[in-house]
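> One letter stands for each residue in the lines below.
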Amino acid sequence: MKSDASLQDLLNPEDIEAAFKSVAGTSGEFSETCATLRLDPVRDFRFSDLRNVDFSMADLRGFDFRGADLRGSYGTDIIFDSSTNFEGADLQGSCFASYYREFLLFKENPMAARMYRTLLEGDPFEISGWLHERYRNQRERHSILKKADRETAAILCQKLLADDIDLTKRTDLFYFLRSITTSRIELRELMLSIFARQSENTSLIEKFTTIASSLHGHDPDVRGFIIQLCTAKSPRVRLSAFKASANIGIFMQNFEKMKELFLCPENVGIRKQLILEAAISLGRHHVASVNRAALLSDVEGEDVLDLPELFEDAAGTKISTAIRDRLVSIEARLNPDGASRKKASAKSSPVTIPIIYERQAEVLCSAPVLRTIFARDKPVQSMAAKARIAARQEREKKQMAEELVRIKTWIVRNSP
Amino acid sequence: MNTRNAFSELCELVIRVVPSETPEGELDCIVELRLASGDVDLDEESCEISISKLTLYLDLEGAIPVPGSRLGEPRKQQTSEMDRVTTQENKVATAFNASAHANLDITGPALGASASGEVKAAVQRETVLTRHDRLVHHRVKALPNLRWEVREEDESRLDGTYLESDSLMRFTRTERANRTAVLARATVRQRDVAISQVMKDPLSWKYFERFNTTQRRLLNIFIAKSIDSAVRGNGKFVGEITLSSANIELPDEE
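First to last, the protein sequences are chains A and B.
Add 64 to the 1-based position in the first sequence for the numbering used here, that's all there is to it.
Add 5 to the 1-based position in the second sequence for the numbering used here, that's all there is to it.
With the rest of the complex left out, here is chain B:
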C-alpha cells in the first residue's frame, strides 16, 4: 500500500481492501477520510486554509465494480408520487338592467318604458397538483465514473471524519487479469479552497483590510497555485489540487 497525504493537516486518506462478508468472491474497498483546516503563519498575520468540497476518485485495475454497492448512491424511484387536489368553483352572476323613458311633444305626452334582464352562469374548475419530494443530503455522494463528492449541505468547510471503515464500493477481480490494483485520489478545485485571514492583532487586521475583493480573490489563486506547486513540484497548475492519493496492489489469487 502506498499512501501520500500531501498536507497532513488538511486531508488524510487511507484505503484498505478486505474480503466482503457476503457474497463470496467480492472485495470491499474500505476508505478512511478525515478533513480539517490548516494554518500558515506569515510575518504579522496568519492564513487559514480550508476546503468546502472535495472529490474522491477511484481507479480499478483488473477489477470491476459490483452494481449497487457504491456508497452514497440513492437510487431514484421509478415512479414519483403526486397529490392531486381538485377544487370546483361555481360562479353564478346575475344582472338585471332596467330603463324607463318619457317623451313629451306638442300633440300630447308619449310615455314608454322598457326593461331587460340577463342571467349569467359560469363553472370554473381548478386542479392543483402537489408533488412531495423528500430531500436527503449525502455528505459523501456517488457521481458517475467512480467518483464521490464530499460536501456539507450548506457548502461550509469540511471538518471531521467523513469515512471510517466504510465500504466505498465492492468489486470483483477480472478473470485472467495480470494484476489487480486500486488507486484513490482526493482532489479539490481551487474555487473550493477557502483562504481566510486569522487576526493575530489589530495591526494584522488592518493589513488584510486594505485589499479589495478583486485583490483578495487573486491572492487566493496565488496561494492555491503555491499549494499545488508545493505538492507537484514541476508541471503546470490547472486549477485542481491533489491533496492525497493512495494505491494498493492486491496479491495474486491462490
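This is chain A alone, in the form it adopts within the complex:
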C-alpha cells in the first residue's frame, strides 16, 4: 500500500504565501487577480466556486466555466459571448443567467430567431398590442408570436429590452417588467445582465431608472438595483439613479448612506450640474449667487459652487464683491461724471451676503436630490426658502394677471 503524505508535506506553503502576498498587492479586480495567480481560463475555472464574484471589466471570452458555481456573480462592463462555456454551471441570480437562457433558446428552438426578428422589426403598435394581449390574458391574434410559449416569450422580451428599440416598445416592456420575468430572481438576473452587458448603454440604463422606478417604485428588487446604479461608472446613469432614488423615497429611507454616496468626490460634477440647472430655472440673480464670478449667464462648470461651499462666508463675500464691482462698472459706464461719487457708496453691495444665502437656499430647494438633503439637514431654512419661492411665484402670477387686464383694457379702448 502506498500512502500517504500530509497536506503540509505535499503543498508548498511558500508558494501559497507568495500567492497571498501578490494578490494582496492587486486592486482586487477579477482580471488582475487572475493574471497575478496565472490562472488558465481554459481549464482552471471548471467546477470552480465563483459565488458572488465581481467580474467587472473582465473579458471572459474563451473562459471555461463548465460545472462552476456562479450564483450571485455580478459586475459591469463584462465581455462574454458564445466562446464562454457555461455548460452545467449554476447561474442562478447571476449576471450570466439571462444571457445563457437566450443562448440555449436560440440554439435549441429554430423558431426563436424568427420570433425575435418580428419583435425587433415589427411595428411598435403591433408589438404593443401583442404584449397587452399576451399579458392581459386576451386572445392573441399575432400569427407568429402567439406560438411562443410562456418561457420563450419571456426570454425574447428580456432580450428585446436590451436591444436598440424605440421608446414605445421600451415603455411597454418596462410596463410588463414583472410579467416578462417569471420570478423575482429572474427580474434580478435581467437587471444584473443589463448592468453587466449594457453599462456603456447609458441611454438604456437611464430609461430603466426613470421608467422602471416610476412603474415599479415599490418593488424591492427595482429599488435595490437603483441603489446599485448610484455607483455606476457613467455620471449620467448615476445622476438618473440619484434622481429616481429621491423621487421614490429610497434616498430618504437610507438617508445617511445615500448622502455619503452622493457627496463622494466623483459626484462633484453631478452636484454642480443640479445646482446650476436649478439656479437657471429660478433666474439670473440666482445664477449669480451660485458661482464664484457672480456671472449672470454662461457659467463654467468649475465656477459653480459645490454643495459644501454654499453658505460659506468666503464664497459669499467673493460673490457679493463681484456683484458690487459689476454694479460699479455699469454705473461708471452709464454715468462717467458721477463715478467717483458713487464709488464710496458702492463699498457696501446692495446684494448682501444674507441675500446671497437666501438665494442659495432657494436654489437648493428647487434642485432634485439636493432638496432632500437640504430639507433633512436644515429644515427651518428649507421651509423658509420654500415659502419665499411660493410667495414670489404668487406675486409673479398676480403681476401677470394685472398686466393681462391692462392689455385687455388698452385693446378695448383702442379698438374702433
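These aren't lab readings, by the way, just hints derived from the structure by calculation.
Heads up, a few of these hints could be off.
Claimed, not checked - A few chain A residues that don't get close to chain B, going by computed Cβ distances all over 10 Å:
1) Leu74
2) Leu114
3) Ser147
4) Glu215
5) Pro329
6) Gln337
7) Pro372
8) Phe375
9) Glu395
10) Arg397
To be verified - Computed cross-link-like contacts, DMTMM-like style, restricted to lysine to aspartate or glutamate with a CA-CA straight-line distance of at most 20 Å:
11) Lys210/A with Glu172/A
12) Lys85/A with Glu37/B
13) Lys271/A with Asp285/A
14) Lys85/A with Glu96/A
15) Lys241/B with Asp104/A
16) Lys382/A with Glu364/A
17) Lys210/A with Glu197/A
18) Lys241/B with Asp79/A
19) Lys85/A with Asp48/B
20) Lys85/A with Glu160/B
21) Lys211/A with Glu185/A
22) Lys85/A with Asp46/B
23) Lys307/A with Glu330/A
24) Lys442/A with Glu373/A
25) Lys85/A with Glu53/B
26) Lys323/A with Asp441/A
27) Lys146/B with Glu37/B
28) Lys321/A with Asp441/A
29) Lys171/A with Glu215/A
30) Lys146/B with Glu169/B
31) Lys307/A with Glu270/A
32) Lys58/B with Asp154/A
33) Lys146/B with Glu157/B
34) Lys58/B with Glu160/B
To be verified - In silico negatives: residues of chain B with every beta carbon more than 12 Å from chain A:
35) Glu66
36) Arg80
37) Arg136
38) His143
39) Asn150
40) Glu157
A virtual CB, placed ideally from N, CA and C, is assigned to each residue, including glycine.
With chain A held as given, fit chain B onto it using these hints.
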C-alpha cells in the same frame, strides 16, 4: 491490492473483495471510506481544507454488477400516492331591486311604482390534491454508471467514517475473462473543496480580512490547483482532484 491515499488527513479509501454470503458465485466489494479536514500552516496563518461533496467511481474489469445490489440506491416506487380532498361550496346570492317614482304635471298627479327581484344561485366545487413524499437523505447515494455521491444533507463538510465494511455492490465474474479487477477512485470537484482560514492570532485575521470575495475565490482556485498538482505531478488541472484510488486484481478462479 494497491491503494493510494494522496492526502492522509483528508481521505482514506480501502477496498476488499470477499465472497458473498448468498447466493453462491457472487462477490462483495467492501469499501471503507473515512473523510476529515486538514490544515496547512503558512507563515502567520493557517488554512483548513475540507470537502463538502465527494464522488466515488468504481470500474469493473472482467466482472458485471449484480442488479439491485448497489448501496444507497432507493428504488422509486412504480406508483405514487395522493390524497384527494374534495370540498363543495354552495353559494346562493339574492338580490332584490325596488324603485318607485312620482311624476307631477299640470293636468294632475301621475304616480307610478315598479319593483323587480332577482335570485342568483351558484355552486362552486373545489378539489385539492395532496401528495405525500417521504424524503430520505442517503449520505452515500448511488448514481448511474457505478458512481456514488457522498454528501451531508446540508452540504456541510464531510467528517467521519462514511463506509466501513459496507458492501458497495455485488458482482459476478464474466465467463472466460482474461482477468478480473476492481478499480476505485475518490474524486472531488474544486467547488466542493472548502478552504477556510484558521485564526492563529488577531494579526493573521487582519491578513485574511483584506481580501475581497473575488480575491478569496481565486485564491481558492489557486490552492485547489496546487493540491491537484501535488498529487498528479505533471498534467493539466481540469477542476477535479483525485484524492484516493485503489485497485485489486482478483486471482483466477480455480
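> Against each hint, give a clear statement of whether it holds in the structure.
Here is how each hint holds up against the structure:
1. Not every CB of chain B lies more than 10 Å from the CB of Leu74/A, the least distance being 4 Å, so the non-interface label is violated.
2. For Leu114/A, the requirement that its beta carbon stay farther than 10 Å from each beta carbon of chain B is not met, with the minimum near 5 Å.
3. With 10 Å as the threshold on Cβ separation, the claim that Ser147/A sits away from chain B holds: the shortest Cβ distance comes to roughly 18 Å.
4. The claim that Glu215/A lies off the interface holds: its Cβ sits roughly 24 Å from the closest Cβ of chain B, which is beyond the 10 Å cut-off.
5. With a closest Cβ-Cβ approach of about 22 Å to chain B, Pro329/A is found to remain outside the 10 Å limit, as its non-interface label requires.
6. Remark: the non-interface label on Gln337/A is consistent with the geometry, its nearest Cβ contact in chain B lying 32 Å away (cut-off 10 Å).
7. Every beta carbon of chain B lies more than 10 Å from that of Pro372/A, the smallest distance being close to 30 Å; the non-interface claim holds.
8. The claim that Phe375/A lies off the interface holds: its Cβ sits roughly 39 Å from the closest Cβ of chain B, which is beyond the 10 Å cut-off.
9. With a least beta-carbon separation of about 63 Å from chain B, Glu395/A lies farther than 10 Å from that chain, consistent with its non-interface assignment.
10. Distance to chain B confirms Arg397/A as a non-interface residue, since its nearest Cβ pair spans about 63 Å, more than 10 Å.
11. Restraint check: the Cα-Cα separation between Lys210/A and Glu172/A comes to about 19 Å, which is no more than 20 Å; the hinted pair holds.
12. The suggested pairing of Lys85/A with Glu37/B is violated, with an alpha-carbon distance near 40 Å, which exceeds 20 Å.
13. Between Lys271/A and Asp285/A the CA atoms are separated by roughly 17 Å; this keeps the pair inside 20 Å, and the hint holds.
14. Distance check on the hinted pair: Lys85/A and Glu96/A sit about 14 Å apart at the alpha-carbon level, within 20 Å; holds.
15. Taking the CA atoms of Lys241/B and Asp104/A, the gap is about 10 Å. The hint holds against a cut of 20 Å.
16. A C-alpha spacing of about 16 Å is found between Lys382/A and Glu364/A, which places the hinted pair at or below 20 Å, so the restraint holds.
17. With a C-alpha separation of about 10 Å, the suggested pair Lys210/A and Glu197/A falls inside the 20 Å cut-off, and the hint holds.
18. Taken as a hint, the Lys241/B and Asp79/A pair is honoured in the structure, with Cα atoms around 18 Å apart against an allowance of 20 Å.
19. Under the criterion of a C-alpha separation no larger than 20 Å, the hint pairing Lys85/A with Asp48/B is consistent with the structure, at around 11 Å.
20. With a C-alpha separation of about 31 Å, the suggested pairing of Lys85/A with Glu160/B is violated against the 20 Å cut-off.
21. Restraint check for Lys211/A and Glu185/A: satisfied, since their Cα atoms lie roughly 18 Å apart, inside the 20 Å limit.
22. Distance check on the hinted pair: Lys85/A and Asp46/B sit about 15 Å apart at the alpha-carbon level, within 20 Å; holds.
23. Proposed proximity of Lys307/A and Glu330/A is supported: the alpha carbons are some 16 Å apart, at most 20 Å.
24. Distance restraint check for Lys442/A and Glu373/A: the Cα-Cα separation of roughly 15 Å lies within the 20 Å cut-off, and the hinted pair is therefore satisfied.
25. For a cut-off of 20 Å, the pair hint linking Lys85/A to Glu53/B stands: about 18 Å separates their Cα positions.
26. Taken as a hint, the Lys323/A and Asp441/A pair is honoured in the structure, with Cα atoms around 11 Å apart against an allowance of 20 Å.
27. About 15 Å separates the Cα atoms of Lys146/B and Glu37/B, which keeps this hinted pair within 20 Å; it holds.
28. With a C-alpha separation of about 14 Å, the suggested pairing of Lys321/A with Asp441/A holds against the 20 Å cut-off.
29. Distance check on the hinted pair: Lys171/A and Glu215/A sit about 15 Å apart at the alpha-carbon level, within 20 Å; holds.
30. Restraint check for Lys146/B and Glu169/B: satisfied, since their Cα atoms lie roughly 15 Å apart, inside the 20 Å limit.
31. The hinted pair formed by Lys307/A and Glu270/A meets the criterion: a straight-line CA distance of about 10 Å does not exceed 20 Å.
32. Proximity of Lys58/B to Asp154/A is assessed by CA-CA distance (about 16 Å); at most 20 Å being required, the pair is judged to hold.
33. With a C-alpha separation of about 11 Å, the suggested pair Lys146/B and Glu157/B falls inside the 20 Å cut-off, and the hint holds.
34. At roughly 7 Å between alpha-carbon atoms, Lys58/B and Glu160/B fall within 20 Å of each other, so this suggested pair holds.
35. Non-interface call for Glu66/B relative to chain A: holds, since the shortest CB-CB distance, roughly 20 Å, exceeds 12 Å.
36. No beta-carbon of chain A comes within 12 Å of the beta-carbon of Arg80/B; the shortest separation is about 26 Å.
37. No Cβ of chain A comes within 12 Å of the Cβ of Arg136/B; the nearest lies about 22 Å off, and the non-interface call holds.
38. Separation of His143/B from chain A is adequate, the least Cβ-Cβ distance of about 22 Å exceeding the 12 Å criterion.
39. Every C-beta of chain A lies more than 12 Å from that of Asn150/B, the closest at about 16 Å, which supports listing it as non-interface.
40. Listed as a non-interface residue, Glu157/B keeps its Cβ farther than 12 Å from every Cβ of chain A; the least gap is roughly 17 Å.
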